[in-house]
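Residue strings, one per chain:
There are 2 protein chains.
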Amino acid sequence: MTVTEPKPRYKYVGTRPVRHDGLEKVTGRARFAADLNMSGQLHGIVVRSPHAHARIVSIDTAAAEAMPGVKAVITGDDFPAVDSSDRNYDMCVNVVARDKVFYEGHAVAAVAASTGDQARAAAAAVVVTYDVLPAVLTIDEALAPGAPVLHDHMMTSGANPPAEEPSNISDITRFADGDVDAGFADADLIIEREYTTVPVHQGYIEPHACVADTGQDGHTTIWCSSQGHFNVRSSTATLLGWETTRIRVIPAEIGGGFGGKTTIYLEPLAVALSAKAGRPVKMVMTRDEVFRATGPAPGTKLRVKLGSDRDGNLVAGDAYLIYSGGAYAGPGGLLGAMTVFESYKIPNFNVEALNVVVNTARSAAYRAPAAPLTAFAVETVLDEIATELGIDPIDLRLKNAVTEGDPSTMGFPLARVGFIECLEAVRDHPNYNAPLGPNQGRGVAAGYWFNIGESSSATVNLNEDGTATVVTGSPDIGGSRASMALMAAEELGIDPYDIRPVVGDTEAVGFTDVTEGSRATFATGMAVVEACRKMVVELRGRAAKMMGVEVDDIDWVDGQAVYTGSDGEKDPLPVAAITAKAKRTGGPLTATGSLEAHGAGPGFAVHVCDLEVDPETGVVRILRYTASQDAGTAIHPSYVEGQIQGGVAQGVGWALNEEYIYDSDGVMENPSFLDYRVPVASDLPMIDAIIVEVPNPAHPYGVRGVGETGIVPPIPAVANAIYNATGCRIRDLPMSPIRVLDAITSAGGSNGSNGA
Amino acid sequence: MTVTEPKPRYKYVGTRPVRHDGLEKVTGRARFAADLNMSGQLHGIVVRSPHAHARIVSIDTAAAEAMPGVKAVITGDDFPAVDSSDRNYDMCVNVVARDKVFYEGHAVAAVAASTGDQARAAAAAVVVTYDVLPAVLTIDEALAPGAPVLHDHMMTSGANPPAEEPSNISDITRFADGDVDAGFADADLIIEREYTTVPVHQGYIEPHACVADTGQDGHTTIWCSSQGHFNVRSSTATLLGWETTRIRVIPAEIGGGFGGKTTIYLEPLAVALSAKAGRPVKMVMTRDEVFRATGPAPGTKLRVKLGSDRDGNLVAGDAYLIYSGGAYAGPGGLLGAMTVFESYKIPNFNVEALNVVVNTARSAAYRAPAAPLTAFAVETVLDEIATELGIDPIDLRLKNAVTEGDPSTMGFPLARVGFIECLEAVRDHPNYNAPLGPNQGRGVAAGYWFNIGESSSATVNLNEDGTATVVTGSPDIGGSRASMALMAAEELGIDPYDIRPVVGDTEAVGFTDVTEGSRATFATGMAVVEACRKMVVELRGRAAKMMGVEVDDIDWVDGQAVYTGSDGEKDPLPVAAITAKAKRTGGPLTATGSLEAHGAGPGFAVHVCDLEVDPETGVVRILRYTASQDAGTAIHPSYVEGQIQGGVAQGVGWALNEEYIYDSDGVMENPSFLDYRVPVASDLPMIDAIIVEVPNPAHPYGVRGVGETGIVPPIPAVANAIYNATGCRIRDLPMSPIRVLDAITSAGGSNGSNGA
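Chains as they are written, first to last, in our numbering: chain G, 8 to 763; chain S, 8 to 763.
It is possible that part of the hints are untrue.
Since the list gives no way to pick one copy over another, a pair counts as held whenever it fits inside one copy or between any two copies.
Think about it this way: if two alpha-carbon atoms lie no more than 25 Å apart in a straight line, the pair counts; the simulated SDA-like pairs of lysine to any residue are [to be verified]:
1) 541 <-> 552
2) 406 <-> 317
3) 283 <-> 44
4) 18 <-> 253
5) 18 <-> 583
6) 352 <-> 416
7) 541 <-> 592
8) 32 <-> 688
9) 588 <-> 341
10) 588 <-> 603
11) 406 <-> 625
12) 541 <-> 621
13) 588 <-> 567
14) 552 <-> 199
15) 552 <-> 222
16) 283 <-> 504
17) 107 <-> 62
18) 32 <-> 652
19) 32 <-> 44
20) 541 <-> 590
21) 283 <-> 250
22) 283 <-> 30
23) 308 <-> 200
24) 541 <-> 551
Rather than coming from a laboratory, the hints here were simulated on the basis of the structure.
In isolation and in its complexed conformation, chain G is listed as follows (with noise of 0.2 Å):
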């Protein structure tokens, strides 16, 4: 671990206690939304569409109603009509479809029987008449003339002069600043590059699933895995028609999401089935379902453009990018706009970025979403600048690299943030110079995210014995509960074993953001932080009452109440004495913070990826990886450096491996992990991570998010590395065997500078 700024002295923050939730998870006795059975439930199964673009002309349940087991079948007709102007139109509609289907997988009904096996074999026996339509699969057939429009009502948004017909466009985002043309003709290099990437998947470990069970009083309790169950509620609350009042959501362990899980796709249906059968359901997705019907980070078709000045000092830039959103419109276009510049000082740029639907299942956020490909495009054409220059890559990011006060992409300055010291951090690790063989190859990148803060509460309670429970509204998704728990131990004084932290149910703590945008140990961190010191506030209240004395004259130091006053000496009042007399002294001691964050610290990260390429093959292994990202400050470094190798792994994949395949009918062909490659552990060395701690100055303890800019550099690192071993370049994923042996072919052989 390489510090670059002297690290504060804390007693817990920044130590790696075992988390809290680690044995019960390595017993296997954590429980997993589909862990949970209840008494009587039924099983909740699916009906999707075997087709990519239809009307459904009628959906016929009386056969599947009839099937022995039986108890309820639901189709869109039983939720509330949604109409397109609704601002959750996409989300409503796709959970269930209404009039139309828009991907080969898209849920039309669902069936409820005592049995699994009845439940599918009904679904089976729903007849739902469709009229197919032409579909359309990629991005150049939704923008080619004369295109089936998928949405009548899509009138893309941001167009100038403005769309005077639906097309499948929904939006255009502009962002530009000084004059391109211009920058551009002063330049002494311009690189000018093309990229297309596919779908890929979260590949979280555990399916979607849940169980609902909706009393007769219109109340209904949902257990399910999420990234955030108050959006569980009010997702579901909108999709019934329902106020928030009538869902509780009890949130399960989560086995990975990673932005796939911050929608909703079963929970409705699990409510309505329950609803309708009087009886608890549960639901699971399939692996399949999973890959058809659930969402994958956009594909999409980039065209990035560069200028320097032969010292390397970038000038211009211009950007058109193009997602796909599939089914409905996604932020991969706004994001990618945000994102692509963002890391340089780029004095003159242009940015426009399209979203695009298909056919294809709508796609969901995955960890810096739309970012991992806007790095591919600009830190591979930046690659290509550096070796035209002849000047080190990360020398040529350290003459571009933004600092505090540069003007973000939209226009707002930046805070203190750590780009220069991560790239300083990766020169001087001795990985860096690590000697490579023949048909080996290094290649480094950079990557940035820009977090987010949003809503957060959190309650404290002081337990009779001392000891403390803590109550956040964030599911744990990477270690948040010890991170919760490092932070409260800090602020009380007492050890982080003698802290409970919990993830509270929907109507167990105050009002809670999804776990996204890397904010839970930020946002979700500064609101314990604030309940935990008005705690403190009380504690020295409650000690001034017992010792007789003023509230001013008490101190809370190490974890007691420290008397400071003049009137001789007082012996100090460690809490479990505080908490024994609560009772006399005013009652029990609890607190709440509740807040909307703001000030959350962009993360910039720096990888270099070592890796050699099997000439004969086209495979790729992984020979070294070295990470460093600008965490602010580590709460628990071990669960950073945890964020940091999981970014790494998936970014690998998604360089190298993954892909959705879809025949010429929209199915997707490999869904399943037998088909669909992700790394696994023999895949991968063990990752080198490197914590540099630049305290964002608006954090209590100077956190930023650790948990998305991982998987940004991965991608282009890997394309650089796989250049510098063959001297093939490759702008289109993923970079597999077959497509690494077609680039060494096409080039006569592979002659990087490492090359045999």
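Got chain G sorted already, so can you dock chain S onto it with the hints?
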């Protein structure tokens, strides 16, 4: 309903909405403790002592452990040793015996196996070798010279001179005021009577049950039915020697408690079995076990002497009260001493109360513990005085009733109480002059209970759509969720049905004491009001931000923020308008209240029982029952009426039929609802409940507890009515047919004032 003081005109408080948990309960979907089943759960069975008093020589578990399906066997050795000087000693050794067993049914070991049958078989195979000791089963036996002493360490506390040897008297309480001898010397009429009563059970429908799931990380979750899950947590922690933070207790719905679920029996056994087996363990008592091994109300021997002048003014009182707490010391003596003379102005009194231990199940709280029995004595002596002096029994009580400022038995001045108003309400009710026929009689009695405050916590969360969640830590025994919602609705100005009242688990809300002492609506209601008032301050602040005005210019009126400043008209902002913008005005809206409540207002009740005695069989039939009670303010009048009616029903059962019957070895002979006769619906008429409202000045809505007082007057009211019908005074409970028939026969036939 009679209202004797002008009723405050609240919008929601005092209305009668359907309780939020009602439909779930009447449709059978509410989940009580035994309704929970976990995958992989084991079944736990307790091995119980067949002897009333014995030394445990050895416990051999080997055969049991070798039986099919058995996963764990535990004994007292699996728990930390506890010293007899520890204040939790009685509870600890009652849950699982250590070296001695003190009653038939005392837990000595427990077994967990895959099925209930396997567990029962294994429990039978645990070989316990006992050295049987002579048992003491009655108060007389316990006090007899040379009686076997149960506890070698029991030195009577409060003895004067101090005890020099251990005995079966655990403690003596004395209260006195004035000059008792002089008082009796001045009296024109002195009546002194002796009474005996036997243990009766609370008779809750739901047996004790729990599921515990203990992980390898040493944390456990307990689902159980109790009157206080924080108490289950702390008691279980005490027994196991654990930090409270290792235990989470999730409250199930409770199927009756009446004081009997203020303590624990199964939970530590289930946790220990689960820890040993590595699996969840479910334990459910049979009715037989509930009777044999959980706390009945104590049996008593009472002697009460009252002196009056010729006008019926009481001048002196003397009481000697003995309570048998079962195998361990109970609170009966103290509570009896506190309540015996509390209702009346008696210038000279002397009270002495003893707690005695005997070899029967450890007694537990039962609705106004001890008070129904002291009332039995005092209120029947008063009836004799009224008869002797020819004064109407209500007029006699009106002459002597305590009012505001009168000193209590313990010397504190009474706050404003509604005893006089309750007497007047009954006197003025048409039932009081309804004609009576042959063999019919009317009895009057009053009752008092002091009620308590203790610690309560509440959290109010406002949801995005303006609905609210109100979380408290008080199990809902008698409709408290509805009461909490009504108070919150009144404070916030939103509809009670837009509020979700929730009983939060030990990790979801601040520390809250047991639902006992009629404290929930009083104390937890105060916490709810405190939280809501904080929320209104917050809402006014948010509204001021939205309007761009000073918060001091915002009033909260009927659920809306109303601008009162001079800067023109502004549209008021309802809750939903403020919650919808919460993210822009500071984040989630959450508020907590936590307090130690003081000023629980004492509750008074006056009952009139009309009944008919069958002179051939001694069977008593209740004809008409009229019960007035001071509720302070009835938050939800239906549930106040329910509490009054429930108290009467239980009191009538106690008066007429209920009793523990032991054989000569101390084995209970009637441990089932067939042989232990509680009143059923056909035994009782509709009870006329009269709510009197004399607001409690210490509560924001004037609430005083209503749950317990209603069980205090029935026993003497029935006894006085039997006298009125037959001319026979019965001073031993129960007044069962055979005892009534014996009394009539001994007196030479029925000769009451209404006798044939």
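Quick rundown of the hints versus the structure:
1. 541 <-> 552: both (17 Å within a copy, 23 Å between copies)
2. 406 <-> 317: Classified as within: same-chain Cα gap 12 Å, cross-chain 109 Å, threshold 25 Å.
3. 283 <-> 44: This pair counts as both: shortest intra-copy Cα distance 19 Å, inter-copy 24 Å.
4. 18 <-> 253: between (43 Å within a copy, 23 Å between copies)
5. 18 <-> 583: within (19 Å within a copy, 43 Å between copies)
6. 352 <-> 416: So residue 352 and residue 416 pass the 25 Å test inside one copy only (10 Å; across, 84 Å).
7. 541 <-> 592: both (16 Å within a copy, 20 Å between copies)
8. 32 <-> 688: So residue 32 and residue 688 pass the 25 Å test inside one copy only (19 Å; across, 51 Å).
9. 588 <-> 341: So residue 588 and residue 341 pass the 25 Å test across copies only (24 Å; inside, 56 Å).
10. 588 <-> 603: between (34 Å within a copy, 11 Å between copies)
11. 406 <-> 625: Classified as neither: same-chain Cα gap 34 Å, cross-chain 105 Å, threshold 25 Å.
12. 541 <-> 621: Neither: 60 Å inside a chain and 68 Å across chains, both beyond 25 Å.
13. 588 <-> 567: Within one copy, since 15 Å is at most 25 Å while 40 Å is not.
14. 552 <-> 199: Neither way: residue 552 and residue 199 sit 72 Å apart in one copy and 49 Å across, limit 25 Å.
15. 552 <-> 222: Classified as neither; 48 Å inside a copy, 39 Å across copies.
16. 283 <-> 504: Answer is between: at 22 Å across copies they meet the 25 Å cutoff, but 45 Å inside does not.
17. 107 <-> 62: Within one copy only: 4 Å inside a chain, 78 Å across chains, cut-off 25 Å.
18. 32 <-> 652: within (19 Å within a copy, 50 Å between copies)
19. 32 <-> 44: both (19 Å within a copy, 21 Å between copies)
20. 541 <-> 590: Answer is both; intra-copy 19 Å and inter-copy 21 Å each pass.
21. 283 <-> 250: For residue 283 and residue 250, the Cα distance is within 25 Å only inside one copy (18 Å; across copies 44 Å).
22. 283 <-> 30: Close across copies (16 Å), not inside one copy (39 Å); limit 25 Å.
23. 308 <-> 200: within (11 Å within a copy, 99 Å between copies)
24. 541 <-> 551: both (15 Å within a copy, 24 Å between copies)
Checked against the numbered hints above, the structure breaks hints 11, 12, 14 and 15 and satisfies the rest.
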